[in-house]
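J.: Heads up: the sequence lines are chains A and B, in that order.
Quick note: the first sequence uses UniProt numbering, first residue 1, plus one each step.
Quick note: the second sequence uses UniProt numbering, first residue 1, plus one each step.
In short, the hints are calculated from the structure, not lab data.
These figures come from a predicted structure and were not determined experimentally.
Treat the hints loosely; a few may be bogus.
No copy is singled out in the list; a pair is fine if it fits within one copy or between any two copies.
[Claimed, not checked] Distance condition first, Cα-Cα at most 20 Å in a straight line; then the derived DMTMM-like pairs of lysine to aspartate or glutamate:
1. Lys70 to Asp191
2. Lys26 to Asp347
3. Lys348 to Glu213
4. Lys341 to Glu285
5. Lys417 to Glu129
6. Lys248 to Glu155
7. Lys338 to Glu115
8. Lys70 to Asp239
9. Lys2 to Asp239
10. Lys70 to Asp347
11. Lys90 to Glu115
12. Lys143 to Glu78
13. Lys179 to Glu154
14. Lys185 to Asp347
15. Lys248 to Glu129
16. Lys70 to Glu154
17. Lys348 to Glu115
Protein chains: 2
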Amino acid sequence: MKKNSNVVIIGAGFGGIELAKALRNKMINVLLVDKHNYHNFQPLMYQVATGGLEPGSIAYPVRRIFRNNKNITFRMAEVLEVMPKEKILKTSIGTIAYDYLVIATGSQNNYFNFETKKDQLLTLKSIPEALNLRSFIFQNLEKALANVNDEPLEEIMNIAIVGGGPAGIELAGALAEMKRYVLPKDFPDLDLSMMSINLYEAAPALLSSMSEEASEKSLEYLHQLGINVFLNSRVQDYDGSLITLADKSNFRTDTVIWTAGVKGAPIAGIPEEAIVGGNRIAVNEYNQAAGTKNIYAIGDVASHITPESPDGLPMLAPVAQQHGKALAKNILRLEAGKQMKAFTYLDKGVMATIGRRKAVVDLKIWKFQGTFAWLVWMFVHIMSLVGFRNKVVAFVDWMVNYFTYDRPLGLIIRPYKRKES
Amino acid sequence: MKKNSNVVIIGAGFGGIELAKALRNKMINVLLVDKHNYHNFQPLMYQVATGGLEPGSIAYPVRRIFRNNKNITFRMAEVLEVMPKEKILKTSIGTIAYDYLVIATGSQNNYFNFETKKDQLLTLKSIPEALNLRSFIFQNLEKALANVNDEPLEEIMNIAIVGGGPAGIELAGALAEMKRYVLPKDFPDLDLSMMSINLYEAAPALLSSMSEEASEKSLEYLHQLGINVFLNSRVQDYDGSLITLADKSNFRTDTVIWTAGVKGAPIAGIPEEAIVGGNRIAVNEYNQAAGTKNIYAIGDVASHITPESPDGLPMLAPVAQQHGKALAKNILRLEAGKQMKAFTYLDKGVMATIGRRKAVVDLKIWKFQGTFAWLVWMFVHIMSLVGFRNKVVAFVDWMVNYFTYDRPLGLIIRPYKRKES
């Protein structure tokens, strides 16, 4: 009898989880490896950062997803390097042999020209980062009230967001609503007119990956909420208290939130020629990594070029999920001695929310904005959370938010101190 | 017109919050100072540590409690020292003048003979400590599976709890239920028979502050849950992997959770003669700190000796709350030129929970245990949480726990590394 093949999946994000799910109870051994013991719902990270949701609502233990699936094993470990010739993976918990290796490691922050300044930026790419951002914002409000060192109040209170993609505008909207509805109640002795929230986007439009309607409407929403949006504005420097733009204009602030871009997070050992633009791994229509055998990449880390997407498919959860499902089928086909089938991406649309009753939705044949878009956004996001408990708790938090105009949470559990340059 | 007096309260625990609440909208200025921006519900800390509740459910921002109360101000600050003669308080955000100073700083871990080993112990006294404990336990389970260094499995998996008071037994019960109901599902490839949970109590009985019935029943419950309880067992040493008792018996474990006692957490500047047994501040029947004028102490930090409590009133939330309410009235009496009234403690009873349908309740005239006690415990604790949102979320989490036999949360958000000796 043929021994079951070993599929090793690196990363428990949207792609890795879908792939493993589609291999449940098949005649194949799946080992899922992640440095965290939970899957997190990245699109709602900004809610954790702004105190709208608790981390526990957007995260779910991986082991719990695959209970009762004897062929799926999870290990919490850091991946060090793949050795393609030997078909082994070196990790913090030892060496793992694979027949199929799937790299589903997602993306990481891309700091571009700010690489050397990154310790002074706040980011949103993981739960600890989001919690640090939450602590930092609330610490600064407390600091503004105490103001022991006679720092200029604007510097403490101002906020700069770099990047006008979904993460940037969703964060800007949430902060603007916090400033308008929550802070006057919680900080009555603080002069909130000293707080400006600026959003800088290097491109000529917000949400450049979405439709023109979405892009224009989101700009209008942000203006309504009092955000100062700067388009065609590339940030050039930051010294810890002053951010400077390419046109030499500047803005004094302690708080620079970097959402300007991400790049792939491939692992060591992948042949150099496979790493292409955006630090992603070039894959073919079967998700095979260029120049390798038995190594596959899915989701954000995969650069999957199609006629419609000459720069590779977008870094979106649905791409990763569809990759995962398709690759599972292809692996099972190979195991059955059949030919693989080429992947085709089904674009289900994209959406972003800016604030209460303010969202934009682009479907293939219908683009809409406003209250209905916002309801659709909420419904889709609640239903996407893993686990009944998380759906209920997120629903409670959003209802409290909706009816009281309040953010339920503003706790500084672990104070965050930004590293000094 | 007489200027309003300034009441400065240090600590937003049960005592400080009740005092400030009772002074809402009075002709008096209240400044509440705490190093955290939230009030936390200490009796449920073990639930955070064992993944039963999220930190956000047992914590509530102080500012939000006192919205709409113009005479109450909150400042997040560390208190450095009181200077009684000058009637000022030195803090991390500057000097604060007071007319009345109320010390409501509560208690801190008391390590007794383990003071020099404290970095190797896990504790439960704050939310970060509880989160570290949660991370440590789940990290160790992952480590047991990987077991890279060929450490003895028992050492990684065993758990020692030192102290048989409410915190110790509630924690032991929660861990035992986790071991029985959750871990076999989440860690099917781990041999759970290698995991022992030992509880050490130096006294001859558990819950020594409660009735004999409660003490005996809690012992019976812990036995039912598979906890090894050692009474009359004083721990003597711990070297990071082996805990040794006074009788030279020992137990190999990585995880020693210290719930063996607390002591007062007074502030610097209080006259030395006022600090009495248990590091508490001696107070009279008006909560006045011995040897001071205009300085009061309430709650855990106050040593309030009564005929029934020759060692001072117990360190319990209801004492702190009643102190706070009574002192508020006395301050208002003094302001009105009247005499203060002596405090009398109304003992409303004590309770502890060991597991599902296992709790013990001591009321003055009625002591009961079992399912009804457990329902009473749940009701009282849910109703005591601050805020509608927290009540609902805790209820959801406990219902999920009850019906699925599951702990909803087991996330290692920030891995915890114990300091090495």
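J.: None of the hints should be skipped; say for each whether it holds.
T.: Hint check results:
In this assembly of identical chains, lysine 70 and aspartate 191 lie within 20 Å of each other by CA distance solely across copies; the values are 16 Å between and 59 Å within a copy. Within a single copy, lysine 26 and aspartate 347 get their C-alpha atoms no closer than 28 Å, and across copies no closer than 61 Å, so neither meets the 20 Å cut-off. Taking the closest pair of Cα atoms, lysine 348 and glutamate 213 come within 20 Å of each other only inside a single copy of the chain (17 Å); across copies the shortest separation is 63 Å, beyond that limit. In this assembly of identical chains, lysine 341 and glutamate 285 lie within 20 Å of each other by CA distance solely inside one copy; the values are 8 Å within and 83 Å between copies.
Taking identical chains as interchangeable, the C-alpha atoms of lysine 417 and glutamate 129 lie at most 20 Å apart whether they share a chain (12 Å) or sit on different chains (19 Å). Proximity of lysine 248 and glutamate 155 under a CA criterion of 20 Å is satisfied intra-copy only: 18 Å inside one chain copy versus 60 Å between copies. For the identical chains of this complex, lysine 338 and glutamate 115 are neighbours neither inside a copy (46 Å) nor across copies (66 Å), given an alpha-carbon limit of 20 Å. Proximity of lysine 70 to aspartate 239 under the C-alpha cut-off of 20 Å is found in neither arrangement, the shortest distances being 53 Å within a copy and 39 Å between copies.
For the homomeric pair lysine 2 and aspartate 239, neither the shortest alpha-carbon distance inside one copy (62 Å) nor that between copies (50 Å) is at most 20 Å. Within a single copy, lysine 70 and aspartate 347 get their C-alpha atoms no closer than 33 Å, and across copies no closer than 54 Å, so neither meets the 20 Å cut-off. Taking the shortest Cα distances, lysine 90 and glutamate 115 never come within 20 Å of each other, neither inside one copy (28 Å) nor across copies (41 Å). Only between protomers do lysine 143 and glutamate 78 lie at most 20 Å apart by alpha-carbon distance; the minimum there is 13 Å, versus 37 Å within a single protomer.
With identical chains, the CA atoms of lysine 179 and glutamate 154 are at most 20 Å apart within one copy only, with a shortest distance of 14 Å there and 52 Å across copies. In this homomeric assembly, lysine 185 and aspartate 347 never come within 20 Å of each other (Cα to Cα): the closest approach is 43 Å inside a single copy and 37 Å across copies. Neither within a single protomer nor between protomers do lysine 248 and glutamate 129 lie at most 20 Å apart by alpha-carbon distance, with minima of 29 Å and 46 Å respectively. For the homomeric pair lysine 70 and glutamate 154, neither the shortest alpha-carbon distance inside one copy (57 Å) nor that between copies (25 Å) is at most 20 Å.
Taking the closest pair of Cα atoms, lysine 348 and glutamate 115 never come within 20 Å of each other, the shortest separation being 34 Å inside a single copy and 60 Å across copies.
In summary, the structure is inconsistent with hints 2, 7, 8, 9, 10, 11, 14, 15, 16, 17 from the numbered list given earlier, while agreeing with the others.
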